[in-house]
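Student: Using the sequences plus the hints, can you model the full thing?
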Amino acid sequence: MPINKIVAGFDEAVADIPDGATIMIGGFGTVASTPTCLLEALARKGVKNITTVSNTTGFGSDVWRLLGYKFSEDMDVLVRNGLVKKAIVAAPVSTVYQNNFEKLLRAGKVEAEMVPQGTLAERIRAAKAGLGGVYVPTGVGTIVEKGKEKKVINGKTYLLELPITADFALIKAHKGDRWGNLVYRRTSRTFNATMAGAAKVTIAEVDEIVELGQLDPETVVTPGIYVDRVIARPKDVKVDDRPISQEALDSQAKTKARGSA
Amino acid sequence: MPINKIVAGFDEAVADIPDGATIMIGGFGTVASTPTCLLEALARKGVKNITTVSNTTGFGSDVWRLLGYKFSEDMDVLVRNGLVKKAIVAAPVSTVYQNNFEKLLRAGKVEAEMVPQGTLAERIRAAKAGLGGVYVPTGVGTIVEKGKEKKVINGKTYLLELPITADFALIKAHKGDRWGNLVYRRTSRTFNATMAGAAKVTIAEVDEIVELGQLDPETVVTPGIYVDRVIARPKDVKVDDRPISQEALDSQAKTKARGSA
Amino acid sequence: MSDKFKDKFRLDRQTMALRVAKEFQDGDYVNLGIGIPVLASNYVPAGREVVFHSENGVLGFGQVHTAGEGDPDFVNAGGQAVTIIPGTCFFDHHESFSIVRGRHLDISVMGGLQVSEKGDLANWLVPERQIGTIGGAMDLAVGARKLIIAMNHVTKDNQPRIVKKCSYELTAVECVKLVVTDIAVIEVTKKGMVLKEIAPTWTLEEVQELTEPKLIVAPDCKEIEL
Amino acid sequence: MSDKFKDKFRLDRQTMALRVAKEFQDGDYVNLGIGIPVLASNYVPAGREVVFHSENGVLGFGQVHTAGEGDPDFVNAGGQAVTIIPGTCFFDHHESFSIVRGRHLDISVMGGLQVSEKGDLANWLVPERQIGTIGGAMDLAVGARKLIIAMNHVTKDNQPRIVKKCSYELTAVECVKLVVTDIAVIEVTKKGMVLKEIAPTWTLEEVQELTEPKLIVAPDCKEIEL
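Residue numbers (my numbering), protein chains in the order written: chain A, 1 to 261; chain B, 1 to 261; chain C, 1 to 226; chain D, 1 to 226.
These aren't lab readings, by the way, just hints derived from the structure by calculation.
Hints are not guaranteed to be accurate.
Within a straight-line C-alpha distance of at most 20 Å, the following computed EDC-like cross-link-like pairs (lysine to aspartate or glutamate) qualify [what the hints assert, rightly or not]:
(1) Lys200(A) / Asp26(D)
(2) Lys146(C) / Asp71(C)
(3) Lys200(A) / Glu69(D)
(4) Lys150(A) / Asp19(B)
(5) Lys148(B) / Glu149(A)
(6) Lys70(A) / Glu49(C)
(7) Lys200(B) / Asp106(C)
(8) Lys200(A) / Asp73(D)
(9) Lys235(A) / Asp71(C)
(10) Lys70(B) / Asp73(D)
(11) Lys165(C) / Glu187(C)
(12) Lys191(C) / Glu212(C)
(13) Lys235(B) / Asp73(D)
(14) Lys85(B) / Asp19(B)
Tutor: This is the structure we're talking about:
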């Protein structure tokens, strides 16, 4: 049988993700690099008590719709539906906006394990690459070193950081083929390419599915071996006309003033 | 001043490599993936007592000329000129051919530190990525574990492997620009792309230098930040008509019989 | 601490960014944090070519688009859409932080909350907020060859941000090389903190009064040059 | 050990490769070592799609060119020029071994010198040569989900290669799952070595005589099916 990793529907793509699963969510925090439709499917399914691994905890659809995005949901769709038990994350809260994760965190309803961004990437890669752990200089002498083995190697102090594994990785790519080969667009590789292959099952949401052989072998970023399922975003998405919250409007104003998103 | 990493001559490119230097040599072992002209320049300079880091120790020009290669020298040009003190290497000897390195090794005139190929790649990457060390499962229960720290992590035994650093990395790429951005051809990435940025100074020998902006940003494999010097191979190379040794002819026959190079 | 200096001249954000940019040398690879640092990209000294890195996976990018324009798939670490220039290249997150952690960046510029005499940095947790965000700050602080902090000299309550020992949660120890504030430029050296430049109208004594550790005045200490 | 079996039928290299290839399941990612293993790529069972990995940085490649032809920049780990097929992709060496070490490969097939009862493998150093080459063998042995060894059942001196304990330098411990020899197919299980198939004309007793550990005969032990 020809290998065929292409899945027809988003609900089908996430059907076997159980309550209590650990789930990597790709992207950097910008919605353009986020597997929006997979997250929405997960929210529809209502998986409970999940542990997430991601760079941010989501800003919410409002913030992105204000900027004109049609695919506008991010990790917030899981958070605000109360599905997240714990987040392993580099940036749990925003400096310009109190997101739903921060509200739940302050209310003691979610747990956060904060990991420096580069260490997060390296721990995820360690899982993919079959390493038992890596020694990083990041975090020495800070709150991050608590409970971790310290070792001096060639006169410099390092912390032992262990691999972060997961049951599923949900990632966003630009194009994919039936073998799971993926290319990305510009800065949307980020944690998407890093997480591909680091979980037991990797599911890629793509803008477009192409025939095997249409991706230039020199340009493939994620080899198909790291990917288990590929699913295309719908071409047409209906306009989301839910009202935009005052908080999101305020945050936009603040962001503009500061010169950051 | 515009950044310009392009160097005009091969002798100039290696002029500051001193005796006793540790030098990474890119490629897999095939001459097509080898920085031939840089190695020839190094041999002309006659740097002594060098430590090399590479996948193989070279098969010699004869073997490659027999197969029709115009750029035919590999690490053997350093070995047979007596410039190598020690090789850190995955495949020190060949199963089909007694190369010059094996002869010198058997005569006690060179030293070899054998490293499993994947561990070699990971230790080189560790140097590039600023890691203090990595725990690998490879080599546990074998000769490779001698003298190394063993650690059980999540029930599995790993060896601590330390970064391999070097003074220079000599690599071969396909195209490069004045910022040092590089692309490769097909399976010629190998240790070339892995070593780029892992040494204090990385020197890339390329088939062609292109104007900045001519490499598609999506296809750049080695970001220019990892590369210090770029030098183009001559377009025309004079035919090397040195006689081919009987050993090389024998090895070709053996290789054909076995179905491997 | 008194607010007796509250009406004195201070460098504005753009001017601090301008001063920071003077540190960029020809060919430097530079990462700029959110806030004042990112403004420095507008002030690269004429004739110098500098390559900017952003931790979300790009080296070499051009100007920031105005909000709502540009390609949502091409942003800097602050989420602003930026432009492709000749030489741009993209990579994934673990490669991006190999570049950071592996000491390949010449300069990282970040905002700060406190900098200690030894160059310890605290910049991720405002104690009153209780919850902060580390992001890529710790990696950049340990990884960049030269870490420059751009921050106001004192807090809103006129407390010194340049201190003997940081009281806030640390980002990294002994990492800061240069501090550019709204009233001074201070270098962190093994001998101590060296006052290199002061803002117009300020005296050495006034700067010292707003600085906890004893400053060593550089022999060539001068007014901030822009 | 006696050479009383020296005139008996034995599977040739191509036939051993054919038997190995029967292990390839639909969609498997497979790495083939130099020698008999690489021949198995010619015998993928009809209707099954298998993707080959080569440690020099490629997934998905087609047939081997005859010597002197093909692209010198596209070779397998044995240095043979191979062809691009739809789905081919390239990567560098540390990515290639992330694939290997990270247990992403379904099957690795290698040659062997000795395999122990517990599945220890020795295949990189012929003691008489004193110097051997590890290459990628140790990584593949620990990394592949299923390690298959293809080798002759005995040495040239009729010594068993399937032994209680390896006397040669090890490649990895407890890694071999299946051994395909010129006279038998043996599975390594927690209970011991299970004889699954034997070559035509051979008896169970004869195979046992050339095998050091006591073999468990599978209830469905049969003649090698090709």
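Student: Which of the numbered hints are not met once you compare them with the structure shown?
Tutor: Numbers 2, 3, 4, 6 and 8, in rising order.
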